[in-house]
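Student: Each chain, written out:
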Amino acid sequence: MPKKRINVIRPTLRQGKRYVLLRFSQEKSKVLDQRSLYTMLSNNFQYAQGIFSLSEAGITIMSFEPSKCLAIVRISDDYLDKFLSSLLFLSTDLGYILVESVKPTLKSLQVLQR
Amino acid sequence: MKKYFDIVFDGFLKEQQLDKISSINCWYVVKSIKKKEDLISSNLPSIKPELKKLYFLEDLSFATQIKNGLIVARGRTADEVSRILASKQIDILANPISSDKPIFDEECARVASEGKKIIAFDMNEFRRQPYKAIKQAKFIITLLKKHRVDMIFCSFADGLSKLVDLQIRKSFAKELGLEESIIERIFDEGILCQKKE
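Taken in sequence, the protein lines are chains A and B. The opening position of the first sequence corresponds to residue 8 in the working numbering, with each subsequent residue numbered one higher. The opening position of the second sequence corresponds to residue 426 in the working numbering, with each subsequent residue numbered one higher.
I should point out that these hints are in silico values taken from the structure, not numbers from a laboratory. Among the clues, some could well be false.
List time: in silico DSBU-like cross-link candidates among lysine-lysine, alpha-carbon distance up to 35 Å [what the hints assert, rightly or not]:
| # | chain 1 | residue 1 | chain 2 | residue 2 |
| --- | --- | --- | --- | --- |
| 1 | A | Lys24 | B | Lys557 |
| 2 | A | Lys114 | B | Lys427 |
| 3 | B | Lys557 | B | Lys456 |
| 4 | B | Lys492 | B | Lys439 |
| 5 | A | Lys110 | B | Lys492 |
Label-pair restraints from in silico Cβ distances [stated by the list, open to error]:
| # | chain 1 | residue 1 | chain 2 | residue 2 | range |
| --- | --- | --- | --- | --- | --- |
| 6 | A | Thr112 | B | Gln490 | 54 to 60 Å |
| 7 | A | Lys114 | B | Ala503 | 51 to 57 Å |
| 8 | A | Ser49 | B | Phe564 | 27 to 33 Å |
| 9 | B | His572 | A | Gln117 | 44 to 50 Å |
Calculated from the model, a selection of chain A residues having no Cβ within reach of chain B, i.e. all distances over 10 Å [to be verified]:
| # | residue |
| --- | --- |
| 10 | Lys10 |
| 11 | Ile13 |
| 12 | Ser32 |
| 13 | Ile68 |
| 14 | Leu91 |
| 15 | Pro111 |
Quick reminder that beta carbons are idealized off the backbone N, C-alpha and C, glycines included.
Use the sequences and the hints to build the structure in full.
Tutor: Structure below.
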């Protein structure tokens, strides 16, 4: 059977993403690793918005620097406000959470991070 | 340039981290008035972000003794809320959410509209009792929108862990059903400046 090539999805049809740069105040975040931060964020999002929203939101930790208490999280554009509002309930675990920046590309955030 | 604000308790100043929170350029510091001696003015420390004083009344009888400055009061019962809204001296009603039966109804919204009061939601109340607070807040916001009453969403934090970031507050307000145009207006410091004038 001949191999069928799958077409690339056009940028206009792709799901919009947002990259969020988060800074944590609590020393507790320094002992976390990327996996446990993901578990905390997704469990908290599920608590606030439900499991169906969690499956569509596509939360991904792009980078996490425990020494600097910084994390970059990727989230679907449609769920950005739901994700940010859910952080209200997470703050007790990680102290004060500062949303430093929200950008449409990872590159623009990494410039800020430096 | 927009001036975003937040309200914190004076105990928060001890942590001295206000300059690190770049999204807020105006801080209202709450001074609790419990007894007569508290009325003797104590100056706020001169640190880089702008600090403004706000009087928080535990006893409503002190309202007449404060000549200038914004006055906030919190009502724990429906009667107290009615008294606060009827008072000419008090500018802001803090936290209209109750842990028991609702204390804010349509009549309260109407009186608040006539007296041009501001209703301040305490963000930490949503952490303490999320289900009840969200349910009551949605109901109250509908009334406030109907009667065109101004509302604000503030941290009322006494420590850094209780502080809620501006972006989180804005997104939370959006989730509670507020439109973008209203959100831009209520998070701007102008809303409190107008009140002072």
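Student: Now tell me if each hint is right for this structure.
Tutor: Hint by hint, here is what the structure shows:
1. Lys24(A) - Lys557(B): Given that 35 Å is the threshold and the Cα spacing comes to 32 Å, the pair holds.
2. Lys114(A) - Lys427(B): holds (27 Å)
3. Lys557(B) - Lys456(B): This hinted pair holds, its Cα atoms lying about 28 Å apart.
4. Lys492(B) - Lys439(B): holds (27 Å)
5. Lys110(A) - Lys492(B): violated (46 Å)
6. Thr112(A) - Gln490(B): 54 to 60 Å: holds (56 Å)
7. Lys114(A) - Ala503(B): 51 to 57 Å: holds (54 Å)
8. Ser49(A) - Phe564(B): 27 to 33 Å: holds (30 Å)
9. His572(B) - Gln117(A): 44 to 50 Å: Check passed, 47 Å falls within 44 to 50 Å.
10. Lys10: holds (45 Å)
11. Ile13: Given a closest Cβ separation of 36 Å, the condition holds.
12. Ser32: violated (6 Å)
13. Ile68: Non-interface label on Ile68(A) holds, nearest chain B Cβ at 18 Å vs cutoff 10 Å.
14. Leu91: violated (4 Å)
15. Pro111: holds (15 Å)
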